[in-house]
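Trainee: Just so you know, the protein sequences line up as chains A and B, in that order. Start counting the first sequence at 1; every next residue gets the next number (the working numbering). Start counting the second sequence at 1; every next residue gets the next number (the working numbering).
If you are wondering where the hints come from, they were derived from the structure by calculation, not from laboratory data. Mixed in with the good hints there might be a few duds.
Computed from the model, here is a short list of chain A residues facing chain B with C-beta under 7 Å [as the list claims (entries may be wrong)]:
| no. | residue |
| --- | --- |
| 1 | Ile3 |
| 2 | Gly40 |
| 3 | Ala113 |
| 4 | Ser150 |
Okay, the calculated beta carbon distance ranges per label pair [unchecked claim]:
| no. | chain 1 | residue 1 | chain 2 | residue 2 | range |
| --- | --- | --- | --- | --- | --- |
| 5 | B | Arg165 | A | Ser9 | 33 to 43 Å |
| 6 | A | Ser127 | B | Ile200 | 22 to 32 Å |
| 7 | A | Thr155 | B | His147 | 43 to 53 Å |
| 8 | B | Tyr194 | A | Ile90 | 20 to 30 Å |
| 9 | B | Glu168 | A | Ala186 | 54 to 64 Å |
| 10 | B | Pro92 | A | Phe183 | 27 to 37 Å |
| 11 | B | Leu148 | A | Ala21 | 53 to 63 Å |
| 12 | B | Gly174 | A | Leu28 | 23 to 33 Å |
| 13 | B | Tyr194 | A | Gly198 | 26 to 36 Å |
| 14 | A | Gly6 | B | Glu168 | 37 to 47 Å |
| 15 | A | Lys190 | B | Leu65 | 54 to 64 Å |
| 16 | A | Leu28 | B | Asn59 | 23 to 33 Å |
A short list of chain B residues far from chain A (calculated; beta carbon distances all over 12 Å) [what the hints assert, rightly or not]:
| no. | residue |
| --- | --- |
| 17 | Trp39 |
| 18 | Gly42 |
| 19 | Gln46 |
| 20 | Glu74 |
| 21 | Arg82 |
| 22 | Gln110 |
| 23 | Thr114 |
| 24 | Thr141 |
| 25 | His147 |
| 26 | Arg149 |
| 27 | Gln150 |
| 28 | Glu153 |
| 29 | Arg199 |
| 30 | Thr205 |
| 31 | Ala206 |
Glycine included, each C-beta is placed from N, C-alpha and C at the ideal position.
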Amino acid sequence: MHISEGVLSAPVLISGAALAAAGTAIGLKRLDYDRIAQVGVLSSAFFVASLIHVNVGPASVHLILNGIVGLLLGWSAVPAILVALTLQAIFFQYGGITVLGINTLIMALPALACHYLFRGLLWRRPSVAATASFACGFLAVFLSALLLGSALYFTEKEFMAVAALAVGANLPVMVVEGVITIFCIAFLKKVDPGLLPGKRPAENRQAPPAPDREEVADAS
Amino acid sequence: MHPDQIRRPLATLMGLMVMPAILLTAASAWSHGLSVFAWVEGTQVQVESKFSGGKRPVNAVVRVLDLAGNQLLEGRTDSQGRWVFDLPQRTPLRIVMEAGLGHRGEWLLQAAETKAAGEESGVTETPSPPPATLPAAEITTDHLEAHLRQVVEEALQPLQARLARLEERRRNPGLQEILGGLGYILGLVGVGAYVQARRIRARRTAGRGQAP
Chain A
1 MHISEGVLSA PVLISGAALA AAGTAIGLKR LDYDRIAQVG VLSSAFFVAS
51 LIHVNVGPAS VHLILNGIVG LLLGWSAVPA ILVALTLQAI FFQYGGITVL
101 GINTLIMALP ALACHYLFRG LLWRRPSVAA TASFACGFLA VFLSALLLGS
151 ALYFTEKEFM AVAALAVGAN LPVMVVEGVI TIFCIAFLKK VDPGLLPGKR
201 PAENRQAPPA PDREEVADAS
Chain B
1 MHPDQIRRPL ATLMGLMVMP AILLTAASAW SHGLSVFAWV EGTQVQVESK
51 FSGGKRPVNA VVRVLDLAGN QLLEGRTDSQ GRWVFDLPQR TPLRIVMEAG
101 LGHRGEWLLQ AAETKAAGEE SGVTETPSPP PATLPAAEIT TDHLEAHLRQ
151 VVEEALQPLQ ARLARLEERR RNPGLQEILG GLGYILGLVG VGAYVQARRI
201 RARRTAGRGQ AP
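Can you build the whole structure from these sequences, using the hints too?
Mentor: Quick look at the structure:
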């Protein structure tokens, strides 16, 4: 999903860089300093995820995890993704420094979209929450593939073919990320619901005393 | 701060850190990033390419350019990610491969490599593999040179292949690169925490200043 150095024309690169810079500025401004560690961890996860290879068909595709990063971080996902992409460009030679802006946009815009689309659904009925989680992981990669197609449109002059190719190649990734997102959200709900966006329903808020009582019972 | 509030994020951090690691070990291959490698063999240039996942780019466009950027040749890789072309000129050459969806790789053939091959193509008027039964009197320096070149090339072939493998390994990210990247992120988190600590301290001292 990374665009390499030297593929895109200067106007595309410059506008990509400008938009990514604006997004990063907003992300940093909105960054709650108590959540820096969380942003770092998700940035790390995003950084490493690109090494996880989904081996289907002739294409070379890897996990992206922009759905869950966006869902949990909102606007802070933009700097998190920018940092991870910079390090991927330096350490793994994925993408490149001049294409950093456009690559950030390709992955961060769907992340933001997923945040606003799905954050309200996480605390609904379990079936709804699970569906929303899957859709979040799936849709983020799907939208990234579409953005990749539109970025390449300016050089290849063919949107439908390129976008169809990108979506097709990443279809297994979408499914895998959807499933991963379901598990991550379910895991976080149990371990640390405070990390998830959206309002918890009242009955859940009263629940925490119960585990404490169990702990006391265990100790005695 | 309630102890639970500290313990919970810690557990979450651990979980999130461990999850990619588990997935990583389960993954059989690495992916992405296109590496191109080319070398001169006789008067031909061999081009090899690979995604860092190990897949070979099939039917990818390869363009041969001079250093000024003029396109000299164009071709496509076979099912093994290879392409062979006749050396068009003795100058250094840039070999650019485009494997679709924004994947692009490059290799520069140095002047020294292409020059040596160019010289050889200059002496092609003489029979290139000199017959072994040639009478001793008829062995000219040209014959000898062509023969020597062939022998040396054969001897160098394993070395070339080894170089290609080394080059591939250099481009594939390993543990060092992963840990390096994670270290940088950790460092940035540290910087963020430092800024936060300073803010809190500034707020506290400001509060104390106003109190009396």
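Trainee: Taking the hints in turn, state whether each one holds.
Mentor: To see whether the hints hold, each was checked on the structure:
1. A cut of 7 Å between beta carbons decides the hint on Ile3/A: the least distance to chain B is about 3 Å, and the hint holds.
2. The interface hint given for Gly40/A holds, since its Cβ lies 4 Å from the closest Cβ of chain B, which is under the 7 Å cut-off.
3. For Ala113/A, the interface hint is violated, the least distance from its beta-carbon to any beta-carbon of chain B being 21 Å, above 7 Å.
4. Taking 7 Å as the C-beta contact cut-off toward chain B, the hint placing Ser150/A at the interface is violated, the least distance being around 12 Å.
5. For Arg165/B paired with Ser9/A, a C-beta distance near 35 Å keeps the hint of 33 to 43 Å intact.
6. The given range of 22 to 32 Å is broken by Ser127/A and Ile200/B, whose C-beta atoms sit roughly 42 Å from each other.
7. Here the CB-CB span from Thr155/A to His147/B is close to 49 Å, well matched to the stated 43 to 53 Å.
8. At about 23 Å, the beta-carbon gap between Tyr194/B and Ile90/A stays in the expected band of 20 to 30 Å.
9. The hinted window of 54 to 64 Å between Glu168/B and Ala186/A is violated, with their beta carbons roughly 40 Å apart.
10. Between Pro92/B and Phe183/A the beta carbon distance is about 52 Å. The supplied range of 27 to 37 Å is therefore violated.
11. Separated by about 59 Å at the C-beta atoms, Leu148/B and Ala21/A satisfy the suggested range of 53 to 63 Å.
12. The beta-carbon spacing between Gly174/B and Leu28/A, approximately 32 Å, falls within the hinted interval of 23 to 33 Å.
13. Our hint of 26 to 36 Å for Tyr194/B and Gly198/A holds, since their Cβ atoms are close to 31 Å apart.
14. Look at Gly6/A against Glu168/B: about 21 Å separates their beta carbons, and that is not inside 37 to 47 Å.
15. Judged by the Cβ atoms, the range 54 to 64 Å given for Lys190/A and Leu65/B holds: they are separated by roughly 57 Å.
16. For Leu28/A and Asn59/B, the Cβ-Cβ distance of about 43 Å falls outside the hinted range of 23 to 33 Å, so the restraint is violated.
17. Every CB of chain A is more than 12 Å from the CB of Trp39/B (nearest about 20 Å), matching its label as outside the interface.
18. Distance check on Gly42/B: its Cβ is at least 30 Å (rounded) from any Cβ of chain A, clearing the 12 Å threshold; non-interface status holds.
19. Look at Gln46/B: its CB is around 22 Å from the nearest CB on chain A, clear of 12 Å, so calling it non-interface holds up.
20. Listed as outside the interface, Glu74/B is consistent with that label: its C-beta sits roughly 16 Å from the nearest C-beta of chain A, beyond the 12 Å cut-off.
21. Chain A leaves Arg82/B outside its interface by the beta-carbon criterion, the shortest separation being 16 Å against a cut-off of 12 Å.
22. A cut-off of 12 Å between C-beta atoms confirms that Gln110/B is not in contact with chain A; the least separation is 20 Å.
23. Interface exclusion of Thr114/B from chain A stands, the closest Cβ pair being 22 Å apart, more than 12 Å.
24. Non-interface call for Thr141/B relative to chain A: holds, since the shortest CB-CB distance, roughly 45 Å, exceeds 12 Å.
25. At the 12 Å boundary, the C-beta of His147/B stays outside the reach of chain A, the nearest C-beta of that chain being 41 Å off.
26. For Arg149/B, the condition that its CB be more than 12 Å from all CB atoms of chain A holds, with the nearest at approximately 35 Å.
27. The beta carbon of Gln150/B is kept farther than 12 Å from every beta carbon of chain A, the shortest such distance being approximately 36 Å.
28. Distance check for Glu153/B against chain A: the nearest CB is about 31 Å away, which clears 12 Å, and the non-interface claim stands.
29. With a minimum CB-CB distance of about 7 Å to chain A, Arg199/B fails to clear the 12 Å threshold, and the non-interface call is violated.
30. Against the 12 Å criterion, Thr205/B stays outside the reach of chain A, whose nearest CB is about 18 Å from its own CB.
31. The Cβ of Ala206/B lies farther than 12 Å from every Cβ of chain A, with a closest approach of about 17 Å, so its non-interface assignment holds.
When held up to the earlier numbered hints, the structure conflicts with 3, 4, 6, 9, 10, 14, 16 and 29 and fits the remainder.
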